[in-house]
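Using the sequences plus the hints, can you model the full thing?
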Amino acid sequence: MKGINEIKYQRLLHLMIEMQYKLASEDDEVLIKKLQAEGENLKALYLHYLKLLDEVGTVVKNYELKERQVRSGLLSKRIRLLSKRNGTESVITSWVSAINSCAR
Numbered sequence: 033m034k035g036i037n038e039i040k041y042q043r044l045l046h047l048m049i050e051m052q053y054k055l056a057s058e059d060d061e062v063l064i065k066k067l068q069a070e071g072e073n074l075k076a077l078y079l080h081y082l083k084l085l086d087e088v089g090t091v092v093k094n095y096e097l098k099e100r101q102v103r104s105g106l107l108s109k110r111i112r113l114l115s116k117r118n119g120t121e122s123v124i125t126s127w128v129s130a131i132n133s134c135a136r
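Per this note's numbering, residue 33 is the first one in the sequence shown, and the count goes up by one each step.
Rather than coming from a laboratory, the hints here were simulated on the basis of the structure.
What you are looking at is a predicted structure, and each value in this text was computed from that prediction instead of being measured.
Where hints are given, some of them may not hold.
So the derived label-pair ranges between C-beta atoms look like this [unchecked claim]:
(1) Asn94 with Asp59: 47 to 57 Å
(2) Met33 with Cys134: 18 to 28 Å
(3) Tyr41 with Lys65: 18 to 28 Å
Ideal placement from N, C-alpha and C gives every residue a C-beta, glycine not left out.
Right, dumping it as structure tokens:
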């Protein structure tokens, strides 16, 4: 997924504002109003994008925390108990390898 480039966004808004000032001297109210409306639309979309980006960051942090809890809190402890009880070392070794690969 490609993100929105903040520099391009700022440049486009700046260009639109400059164009509005230029058009004001030529009395082109129709185009000025269109530029203003489109500028507001772009701004709203960009702010929505930033909000969603923040939400995704929170979800990723929560997922990583939960993954760590499951891996170390549930799986690792249970595997250690199983390895002490059973002689199924090959299965347990593969489980440990799988859990460790999730941590990387």
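Do the hints match the structure? See the list:
1. Checked against the given bound of 47 to 57 Å, the beta carbons of asparagine 94 and aspartate 59, roughly 54 Å apart, stay inside it.
2. A hinted range of 18 to 28 Å holds for the C-beta pair methionine 33 and cysteine 134, which are about 23 Å apart.
3. Take tyrosine 41 and lysine 65: their Cβ atoms lie about 21 Å apart, and the range 18 to 28 Å holds.
The structure fails none of the hints (numbered hints given earlier).
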